[in-house]
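A.B. asks: Using the supplied hints, reconstruct the complex from the two chains, each of which is provided in its own coordinate frame.
Chain order of the listed sequences is A and B.
Take any residue in the first sequence, count from 1 to its spot, add 98: that is its number in my numbering.
Take any residue in the second sequence, count from 1 to its spot, add 1236: that is its number in my numbering.
No lab work stands behind these hints, which were simulated from the structure alone.
From the three backbone atoms N, C-alpha and C, an ideal C-beta is built for every residue, glycine too.
Check before you lean on any hint, since a few could be wrong.
As the list claims (entries may be wrong) - Chain B regions said to be covered by chain A (calculated; three or more residues, Cβ under 8 Å): (1) 1240–1254; (2) 1480–1493; (3) 1513–1522.
Unchecked claim - Label pairs and their calculated CB-CB ranges: (4) TRP128/A - PRO1331/B: 50 to 60 Å; (5) SER1305/B - VAL145/A: 55 to 65 Å; (6) VAL265/A - ASP1301/B: 30 to 40 Å; (7) GLY227/A - ALA1287/B: 50 to 60 Å; (8) ALA294/A - ALA1530/B: 41 to 51 Å; (9) LEU138/A - LEU1253/B: 48 to 58 Å; (10) LYS228/A - LEU1253/B: 16 to 26 Å; (11) LYS1446/B - ALA202/A: 55 to 65 Å; (12) ILE1254/B - VAL265/A: 12 to 22 Å; (13) SER1400/B - GLU226/A: 48 to 58 Å; (14) PRO1350/B - MET284/A: 29 to 39 Å.
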Amino acid sequence: MTTLAPPASPEQVSTATPAERGSSLWHDAWLRLRKNRLALFGAGVLVLVSIACLAGPLFSSYGYEQQFLELGASAPSSQHWLGTDTLGRDLLVRTLYGGRISLAVGLVATLVAVTIGVVYGAVAGFFEGKVDAVMMRIVDIMYSLPFTIFVILLMVFFGREIILLFVAIGAVEWLTMARIVRAQVMAVKRMEFVEAARSLGFGKSRLIFRHILPNIVGPIIVYTTLTIPSVMLLEAFLSFLGLGVQAPMSSWGVLIKDGAEKMEEFPWLLYFPGAVFSLTLFSLNFLGDGLRDALDVRSSKD
Amino acid sequence: MFRFFASRLLQSALALLIIITATFFMLRFVPGGPFTAEKAVTPEILRNLEAHYGLNQPLWKQYADYLGSLLRGDFGPSFKYPNRTVNEILGDKLPVSLELGSLSLLLALLMGIPLGIIAATRRNSWIDYCASTFGMTGLSVPTFVVAPLLVLALSIHMGWFNASGWYSPEDRVLPSLVLGFAYAAPISRLTRGGMLEILSQDFIRTARAKGASELRIIFKHCLRGGLLPVVSYLGPAIAGILTGSFVIETIFQIPGLGREFVNSAFNRDYTLVLGTVILYAALIMVLNLAADVAQAWMNPKVRLAR
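Bound conformation, chain B alone (with noise of 0.2 Å):
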């Protein structure tokens, strides 16, 4: 177990410092940079800014400093925003949007896992069918169609939430419900799978001949197995939420990263974007690092395998 938790934790090691190159490097070779957006600035005060963040340092020596800072935590000065670090601004927009996402996650989850175990327990009954619609519907109707909808239903024309904004407890309803439904479905599409595919093995027959409660076979011989694909499942449902989330915070105007994210690409904000991105691709790899153990610890194939 520590050998195949070390290996992973490594091979995320080597997997972020990648992305960090990438990204880096391509910031560095795009055409136009943060700083010819505006106002035509004189190529003196353009030399001055370039200066002032090492910009006209070689690109090996502005490489090295950077992951150098990043060493200390220090995601360095925005660009656009004259005056912040970048650190200020991701721990401004970060909860948000784990706020967002956790919510999201646990919806999904509390939506999606029950159905499933009905639907599997119910093979073929009218509620197996409402299940296998409800998870077509979240695979094909993208929230940003679902999104304006709520909000033209709920806040419009039944004033019931406020249709942008991330201000009271009621605020976060909206978006959170959007964002798990789209993840609920494939959750519940899963569970049933596997629920299905534990059912028919015949540990549960000789289960039943003993006489066992329906729900005790459910609960006690089944789930753990029976959760196995959704448990897979978490580590890109995770980033899928999180990258999810650009859209749904763009449509409800909250205040979190993925906004944030989509603007400073747009304004050439190459630190904001690296900070970003990095941050990003962390919190994806502990959690998927989270869902791999999980995993291995819930099922002795894996475990053993590796």
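Same shape as in the complex, but just chain A (with noise of 0.2 Å):
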């Protein structure tokens, strides 16, 4: 009796619940991606993107801190597939570098941003009454308050960690998933099958993390998938303003702001991550759209 797979008894089929169906649920929603050229495209250019900065470096004879000072900025050339900048070092190296602090600060923040926000909209969701009320309020506090303002100064006067970067920002992009996860978690909780688990017993915690939120995935994916690059955007604003990411290391960010203050004299400093990073923000975006469709999530809006 310890595990206990939602029942799922003749009558209740014209109600399934997603559980009910079992993979199939999963396999529909595969099909549907699939059709989905946009959201194909974004997924294998993220693959591509992500090998590239993890593998990349690793193949190529330049450090990202070393200089050909000699060189100075120089344009592309079969050297130097994207040039150099002004202090002669690899843009390609520097790029898929950059790529590596874009990409971790992306999933780690937004994994602190989907853990606190799932466990927070599930117990509003679960509890409902005061409780609820109370969690909720405090949301809508947090939502109207200038939370980018608050980020710049822990950035300012906490030094630049990238550690506290990620909590900076997590703290930030929570909130919508705490919104979204609560409306899901009160239409399961209503569910027969909840019921049935929690006549058989079992405590609140359990009902909520083995019985609930396994039922409320899809939305959960599908949102994380669109907070990754919201967080990434957060991120490079940061480094836009000097506050993310610290010489000799880069983001995205960094560099793009780099390439912005000589794209006079050496535009494809600007050109090549701004390119990059849009890239990947498409394709993140195509991918969380094509999910959302796939999934059959509603945008709602509560």
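C.D. replies: Below you can see the structure in the form of structure tokens.
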């Protein structure tokens, strides 16, 4: 009796919940996703960009801080495919290393945001009543706070630690996830299999985490996918203001900032990082939209 | 309606107090102070400076004094610009940011809403695809990429605009276009979604059956309901435009509040930072409140639920 799958009795088939249809939901979703060219394109680009950022630098003889001062800023050539920056550093290698940071920030900060948002939203949605009212009022208030301003203050005052960057961005981006999860939990908790589990005497946390949450994985995945680009945008935004990753390390935001400063003489310093960054965001958004359509998650605002 | 408004107002006031308190104490606990940065000052001068600005008082006293002067509308003296009060600095910079912000918002609405309506009424046509591409571009190509590219193309190569500055009317074009574009994209997506939702409802079929013209259906029957998602997005959009202008003001060297805020944070100009944060927060809250009221006014469901 320790693991109880949601019961799938015959008379429930007509009102089947996602979990009851088992793998067929995911199979359907996959079939739908496969037809969405843009989403597939996005997924493909993401895989390529990730592999390039992770593995690419290993095959290069240049380091990201290695300077060829005699070269200065040089246009793309056979030696340096994307050219070099004003200190003679290879732009391709720096873009790939920068991508590692940008992607890492995107993933880790999203993870922070999703964890907070899911737990918070699940608790609020499960308990409802006063608990929910207070918790969601807090979310409402936080929504109206100028959070970017606080992130900027944090970064200025407490040094530009990358860990702090993760936490600060994660702390900002969880609000939407909390709202979505809350609404979903409220819907699912009224279903009969939850009632059944409750009648078996399972504890609240078990109900939430073992029975309800697995049934709302779809929306969580969709909004996680859509959170990543906004997190990456925020990181780049901070880096652009000089508050993100510090030299000699780089992120795409830093490279774009450097490129924008030198664009008059050396436009490629702006073009390539900007293009890679935008392409990645495009891909994430296409994939997120595709997943939303495939998993049939309504983009409802409460 | 009045109760709804009053409870929102109370909530905003509470949030504002939280912001003031949090920022005030955060500023006091961060390493480094306004007078530690530049040339080393002797301990004696430092003491005098601190005494002058009341920094040697106990913390709660400083906090109480600050709140007291805030109630009188006094943001205190700036630490970094001697002889200037925060009020003066904010008074200089705010109009610039407000102008940029309202121009951008206006452009965003003027671009986003018509595009969304057209896309919804011509669903799956080429114009719909163009609109969704436009929406995706706005979401995925950040302002700090668009802005330098436009400057490069239109200012440096074509020479149509100044690359930076905030003097002539032409100087307003590029910054507000870039900032507005970033928010036109989500607005067009929301408009399209909202319009599609309404267009699929029974009363529209009824209207069609009565022989109402397509234009009448769109403007008379759909628009009010279809624009609801946009209205509820206005709050976040305004906040986003205000903070988004940090980057735009930096790129275009616009002497607005955003640039001042970032600088003041770097300079640890406590009073100026506090003043800017409070001003931003108050601004965002007032505008959010206005958006909420507009939403309640437009949507009976929201109005009656409260």
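A.B. asks: All hints, please: hold or fail.
C.D. replies: Hint check:
1. 1240–1254: holds (count 5)
2. 1480–1493: holds (count 4)
3. 1513–1522: holds (count 5)
4. TRP128/A - PRO1331/B: 50 to 60 Å: holds (54 Å)
5. SER1305/B - VAL145/A: 55 to 65 Å: Holds, since SER1305/B and VAL145/A (Cβ atoms, about 57 Å apart) stay within the stated range.
6. VAL265/A - ASP1301/B: 30 to 40 Å: holds (32 Å)
7. GLY227/A - ALA1287/B: 50 to 60 Å: At roughly 53 Å between Cβ atoms, ALA1287/B and GLY227/A fall inside 50 to 60 Å, so the hint holds.
8. ALA294/A - ALA1530/B: 41 to 51 Å: The hinted range 41 to 51 Å holds for ALA294/A and ALA1530/B, with Cβ atoms some 45 Å apart.
9. LEU138/A - LEU1253/B: 48 to 58 Å: For LEU1253/B against LEU138/A, whose Cβ atoms are near 50 Å apart, the range 48 to 58 Å holds.
10. LYS228/A - LEU1253/B: 16 to 26 Å: Distance hint for LYS228/A, LEU1253/B holds at roughly 23 Å.
11. LYS1446/B - ALA202/A: 55 to 65 Å: Hint holds: Cβ distance 59 Å, inside 55 to 65 Å.
12. ILE1254/B - VAL265/A: 12 to 22 Å: With Cβ atoms ~20 Å apart, the hint holds.
13. SER1400/B - GLU226/A: 48 to 58 Å: holds (53 Å)
14. PRO1350/B - MET284/A: 29 to 39 Å: holds (36 Å)
Comparing the model with each earlier hint shows no violations; every hint is respected.
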